[in-house]
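Residue strings, one per chain:
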Amino acid sequence: MKSYCKFEVKALRKEKCINELSKSFLIAEIKEKEGNVLEFKVFPNDAKKIKKELEKKEIKILSISFRGIYYTILNVLKSWGIIAGLVIGLAFFFIETMFVKDVEVWCDEQISESEIVALVKPYSVNKIRSTINTKDIEVKIYDSFENLSFVSVAVVGQVLIVNVKQEVKPSEMEDKISPILASDDGRITNIELVQGTLCVKVGDIVKKGDQLVMPYVINSDGEQQKIMPKAKIYADVWLASEVNHNSHYEEQYRTGKQVVKNEVLLCNLKIYDNNQTCPFENYDTIIKDKKIIENNILPFILRETTYYELASRVVEENFEDVKDEILERCKENNLQKMEEYDIIKRENIIIKQAGNITTVIYTSVVNREIGG
Amino acid sequence: MFNFFNEIRNSARKIKITGRYNLVNISGELVYVEGHKGITLLSSDIISFKVKEGRINIFGKNLILSELADDTLKISGQIDKIEADR
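Protein chains in written order, with this note's numbering: chain A, 40 to 411; chain B, 1292 to 1377.
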């Protein structure tokens, strides 16, 4: 029985009592208690009829209690303390939602968010939502900050949202106009001028950073008038890369002999050492740190230092044997300097020799936009 | 519908069964009875009930009359002995 009604009755002839009840109802968990007291459970629907029956037989009912999920919920709902708590909680919640609790500012990086919050807070936080005049706050922000193009204030839930945009002036008005400068070294091949005053002509050789178009025009009165320079200037740009080859050089190599030194460290303090010293004159080392215990309480670290003996030898390599490989490397270096969509117009290879060293210079010419 | 008791009765045709009650003891922890005629004694050590042919006494410890209906009953607890008086 998930939901049931429990009776506690006092009867002298309890067996007769339950025998009579069982003829009409299902009775469960019948227990005999001290002092002729009988306890049993019945379905909640039968409780009223059973009560009547018992009263008719003049059997003393000591208690009737209902159990089960339905009755537990019912009991909780009937509990005045909980109801009062719920009502007060809900009332508090509704009152709380009537107030603005926070200010959120959406603005550009140039505008100080904290300044806006400081300005708006006295007029909004802990005030009833309906009493906040958003138009008034908007005007106050406009008055307090310069160069604002857009201000919007709205109350959303318990948050006052301030949206501010800074005025965007055309570059001519901001005095931030500057001449177009050459982005690469090269020879100018084509000029498409939109506005501004040209400083170069087709065929001129320019260096990176040279002025190409000045930010002004001379009007019909002969006066200089500021203007944002706009142009597309193309030039042949030289890209060069160089690779040196030494046909006779000294190389260091590992002989294969090695010695390992072990140390145990605790918080960078040496607590054990295997007393191994490096016996080699020329060597290189590799240090590996390994945690002995995988926890942060005792950070024991095993430091393994390996010493490799080094020796030197003379390597002789003929340039002609590796010429193709060097040329390829040179081209690859040059390609890395190129931009997307660059087309190679010409290429040139120069090989210079001085003593043991051979220098390969690879030059390519590409046409690209160097200003605009 | 399948009836467990009728099946057993039918399988034992040689024995003439006149009784009108059925009693099942499940592992000495639960007794199920069909055809009782009323409780005569109720305590935690003995539960007795009438049947048409006489009286059945159930001895044990912590006995509880788990269910009681017009014709059936269920007793749970530690069942030590079941006795039939004719």
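It is worth saying that the hints were derived from the structure and are not from the lab.
None of the values given here were measured: they were computed from a predicted structure.
Errors might be hidden in some of the hints.
[As the list claims (entries may be wrong)] Within a straight-line C-alpha distance of at most 27 angstroms, the following computed BS3-like cross-link-like pairs (lysine-lysine) qualify:
| hint | chain 1 | residue 1 | chain 2 | residue 2 |
| --- | --- | --- | --- | --- |
| 1 | A | K49 | A | K87 |
| 2 | B | K1328 | A | K45 |
| 3 | B | K1305 | A | K55 |
| 4 | A | K72 | B | K1365 |
| 5 | A | K96 | B | K1352 |
| 6 | A | K204 | A | K246 |
| 7 | B | K1341 | A | K49 |
| 8 | A | K87 | B | K1328 |
| 9 | B | K1341 | A | K72 |
| 10 | A | K215 | A | K240 |
| 11 | A | K49 | B | K1352 |
| 12 | B | K1343 | A | K70 |
| 13 | A | K62 | B | K1307 |
| 14 | A | K72 | A | K91 |
| 15 | A | K62 | A | K117 |
| 16 | A | K204 | A | K240 |
| 17 | A | K96 | A | K117 |
| 18 | A | K41 | B | K1365 |
| 19 | B | K1365 | A | K70 |
| 20 | A | K179 | A | K160 |
| 21 | A | K62 | B | K1341 |
| 22 | B | K1305 | A | K80 |
| 23 | A | K296 | A | K271 |
| 24 | A | K55 | B | K1365 |
| 25 | A | K62 | A | K72 |
| 26 | A | K70 | A | K41 |
| 27 | A | K45 | B | K1341 |
| 28 | A | K240 | A | K271 |
| 29 | A | K166 | A | K179 |
Each hint, compared with the structure:
Between K49(A) and K87(A) the alpha-carbon distance is near 18 angstroms, which keeps this suggested pair within the 27 angstroms criterion. Our distance criterion of 27 angstroms between C-alpha atoms is met by K1328(B) and K45(A), whose separation comes to about 24 angstroms. For the hint pairing K1305(B) with K55(A), the CA-to-CA distance comes to about 39 angstroms; that exceeds 27 angstroms, so the pair is violated. For a cut-off of 27 angstroms, the pair hint linking K72(A) to K1365(B) stands: about 19 angstroms separates their Cα positions.
Only pairs whose Cα atoms come within 27 angstroms are accepted, and K96(A) paired with K1352(B) is rejected, the gap being roughly 31 angstroms. Pair hint K204(A) plus K246(A) does not hold up; C-alpha atoms about 41 angstroms apart against a cutoff of 27 angstroms. For the proposed pair K1341(B) and K49(A), the alpha carbon gap of about 23 angstroms is at most 27 angstroms, so the pair holds. For the proposed pair K87(A) and K1328(B), the alpha carbon gap of about 25 angstroms is at most 27 angstroms, so the pair holds.
Taking the CA atoms of K1341(B) and K72(A), the gap is about 22 angstroms. The hint holds against a cut of 27 angstroms. Taken as a hint, the K215(A) and K240(A) pair is honoured in the structure, with Cα atoms around 26 angstroms apart against an allowance of 27 angstroms. Of the supplied pair hints, the one linking K49(A) and K1352(B) holds, its CA atoms being roughly 23 angstroms apart against a limit of 27 angstroms. Pair hint K1343(B) plus K70(A) holds up; C-alpha atoms about 25 angstroms apart against a cutoff of 27 angstroms.
Distance hint between K62(A) and K1307(B) is unfulfilled; the C-alpha atoms sit about 30 angstroms from each other, more than 27 angstroms. The straight-line distance between the Cα atoms of K72(A) and K91(A) is roughly 23 angstroms, inside the 27 angstroms bound, and the hint therefore holds. Taken as a hint, the K62(A) and K117(A) pair is broken in the structure, with Cα atoms around 35 angstroms apart against an allowance of 27 angstroms. Restraint check: the Cα-Cα separation between K204(A) and K240(A) comes to about 43 angstroms, which exceeds 27 angstroms; the hinted pair is violated.
As the CA atoms of K96(A) and K117(A) are separated by approximately 32 angstroms, the hinted pair breaks the 27 angstroms bound. A C-alpha spacing of about 18 angstroms is found between K41(A) and K1365(B), which places the hinted pair at or below 27 angstroms, so the restraint holds. Between the alpha carbons of K1365(B) and K70(A) the distance comes to roughly 13 angstroms, so the proposed pair stays at or under 27 angstroms and holds. Restraint check for K179(A) and K160(A): the C-alpha separation of about 12 angstroms stays at or below 27 angstroms, so the hint holds.
Restraint check for K62(A) and K1341(B): the C-alpha separation of about 14 angstroms stays at or below 27 angstroms, so the hint holds. For the proposed pair K1305(B) and K80(A), the alpha carbon gap of about 43 angstroms is over 27 angstroms, so the pair is violated. For the hint linking K296(A) to K271(A), the alpha-carbon distance of about 64 angstroms lies beyond 27 angstroms, and the restraint is violated. This hinted pair checks out: K55(A) and K1365(B) have alpha carbons roughly 17 angstroms apart, not beyond 27 angstroms.
The suggested pairing of K62(A) with K72(A) holds, with an alpha-carbon distance near 23 angstroms, which does not exceed 27 angstroms. Annotation: proposed proximity of K70(A) to K41(A) holds, straight-line Cα distance about 18 angstroms (limit 27 angstroms). Restraint check for K45(A) and K1341(B): satisfied, since their Cα atoms lie roughly 26 angstroms apart, inside the 27 angstroms limit. Under the criterion of a C-alpha separation no larger than 27 angstroms, the hint pairing K240(A) with K271(A) is consistent with the structure, at around 13 angstroms.
Of the supplied pair hints, the one linking K166(A) and K179(A) holds, its CA atoms being roughly 17 angstroms apart against a limit of 27 angstroms.
Checked against the numbered hints above, the structure breaks hints 3, 5, 6, 13, 15, 16, 17, 22 and 23 and satisfies the rest.
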